[in-house]
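Asker: Sequence:
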Amino acid sequence: MTRVAMVTLLVVFCAALIVEAKSLHKNKRNSESFRLKRGLPYGWEKKFDGKMNGFIYINHVTGETRTSPPTHGSSGTGPAPVQISAREQGSCKPGWRYAFNFCYYISAFADIQSHSGAQAACKTQGGELFWPQFVFESFFLKKTLNKVKISTHFFWTNGEKHSGKWDWGTGHPAFSNPKWSAGQPDGSGTCLAVYAHTGFLDDQPCETQYNYVCKTKP
1 MTRVAMVTLL
11 VVFCAALIVE
21 AKSLHKNKRN
31 SESFRLKRGL
41 PYGWEKKFDG
51 KMNGFIYINH
61 VTGETRTSPP
71 THGSSGTGPA
81 PVQISAREQG
91 SCKPGWRYAF
101 NFCYYISAFA
111 DIQSHSGAQA
121 ACKTQGGELF
131 WPQFVFESFF
141 LKKTLNKVKI
151 STHFFWTNGE
161 KHSGKWDWGT
171 GHPAFSNPKW
181 SAGQPDGSGT
191 CLAVYAHTGF
201 LDDQPCETQY
211 NYVCKTKP
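As numbered in full-length UniProt numbering, residues 1 to 218 make up the sequence shown, in order.
I should point out that these hints are in silico values taken from the structure, not numbers from a laboratory.
Glycine residues also receive a C-beta, built at the ideal position from the N, C-alpha and C atoms.
Take these hints with a grain of salt, some might be off.
20 Å max Cα-Cα, derived PhoX-like pairs, lysine-lysine [stated by the list, open to error]: (1) 93 <-> 123; (2) 143 <-> 179; (3) 217 <-> 93; (4) 179 <-> 161; (5) 165 <-> 142; (6) 143 <-> 165; (7) 123 <-> 217.
What follows is a set of in silico ranges between Cβ atoms, one per label pair, in the way DEER data are often shown [claimed, not checked]: (8) 111 <-> 172: 20 to 30 Å; (9) 82 <-> 126: 20 to 30 Å; (10) 169 <-> 140: 32 to 42 Å; (11) 197 <-> 173: 35 to 45 Å; (12) 111 <-> 67: 31 to 41 Å; (13) 197 <-> 95: 16 to 26 Å; (14) 65 <-> 164: 14 to 24 Å; (15) 183 <-> 69: 17 to 27 Å; (16) 135 <-> 89: 22 to 32 Å; (17) 169 <-> 207: 10 to 20 Å; (18) 51 <-> 91: 46 to 56 Å; (19) 89 <-> 198: 19 to 29 Å.
Required output: the full structure, derived from the provided sequences and hints.
Answerer: So, in structure tokens, the structure goes:
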């Protein structure tokens with residue numbers, strides 16, 4: 001083998017390693033479990049603060065805000081499952097909550113999925129990913145999630161971007177007057193998630209793993 005051929009082969013090999021490393025990093029970055037492994041225990045979120053021109057850490061359980069990362073001992077490992085009362089269940093099947101003439105299923109604390117995984121999970125449950133029929137549904141879920149708790153700060157909806165336009169899926173209301181989070185959409189993804197602490201929408205990479213909410217008729 002000539003020297004030029006050896007150098008070419010080495011360059012190709014190194015490029016392949018770089019691509020593989022980026023792929024592994026992307027998969028880890030998009031996993032909420034990786035977020036926890038990086039040192040952020042349940043309840044904490046790292047957010048950019050424009051006024052401070054840097055990142056801050058917010059505990060959504062206690063309300064504490066700090067500029068340095070929290071330790072694992074500064075909050076619990078996660079809440080105990082919350083039982084659904086007969087009144088909350090209404091005419092829905094076990095595990096679902098009744099409101100606005102619909103039934104809602106909130107994934108278990110550790111049940112996180114990509115957008116397509118969440119769609120499949122809801123289909124298995126006999127429903128679809130959440131889509132808003134009423135403007136206040138997201139805020140009903142926000143209030144419910146304050147009690148139930150999920151392990152991620154977002155939950156998936158059925159919203160996706162097709163041919164440059166957002167929609168809620170076939171047979172659902174038109175995508176109009178969306179309630180976006182500040183600075184959203186920012187072009188980071190083509191799937192829609194709700195920021196659980198405000199009830200507002202964010203565009204997110206579809207492969208990111210989040211909790212999810214399913215919806216169906218009783």
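Asker: Hey, residue 165 versus residue 142, does the alpha-carbon distance stay inside 20 Å?
Answerer: violated, 26 Å
Asker: Within a Cα-Cα threshold of 20 Å, do residue 143 and residue 179 meet the stated pairing?
Answerer: It holds: about 16 Å lies between the C-alpha atoms, which stays within 20 Å.
Asker: State, for the Cβ atoms of residue 197 and residue 95, whether the hinted interval 16 to 26 Å holds or is violated.
Answerer: 24 Å Cβ-Cβ, so the 16 to 26 Å window holds.
Asker: Taking the beta carbons of residue 197 and residue 173, is their distance inside 35 to 45 Å?
Answerer: violated, 25 Å
Asker: Within 20 Å, alpha carbon to alpha carbon, are residue 217 and residue 93?
Answerer: Holds: residue 217 and residue 93 sit about 10 Å apart, inside 20 Å.
Asker: Taking the CB of residue 183 and the CB of residue 69, does the distance hold inside 17 to 27 Å?
Answerer: holds, 23 Å
Asker: Residue 89 and residue 198, beta-carbon distance inside 19 to 29 Å?
Answerer: Holds - the Cβ-Cβ distance for residue 89 and residue 198, about 27 Å, lies within 19 to 29 Å.
Asker: That 14 to 24 Å hint for residue 65 and residue 164 (C-beta), does it hold up?
Answerer: The hint (14 to 24 Å, Cβ to Cβ) is violated, given that residue 65 and residue 164 are roughly 38 Å apart.
Asker: Residue 169 and residue 140, beta-carbon distance inside 32 to 42 Å?
Answerer: violated, 20 Å
Asker: Measure nothing beyond the straight line between the CA atoms of residue 123 and residue 217; if it is 20 Å or shorter, mark the hint as holding.
Answerer: holds, 13 Å
Asker: Evaluate the given range 10 to 20 Å for the C-beta pair formed by residue 169 and residue 207.
Answerer: For residue 169 and residue 207 the Cβ distance comes to about 19 Å; the hint holds.
Asker: For the pair supplied as a hint, residue 179 and residue 161, confirm whether the alpha-carbon distance does not exceed 20 Å.
Answerer: holds, 16 Å
In this structure, the hints that do not hold are numbers 5, 6, 10, 11 and 14, in rising order.
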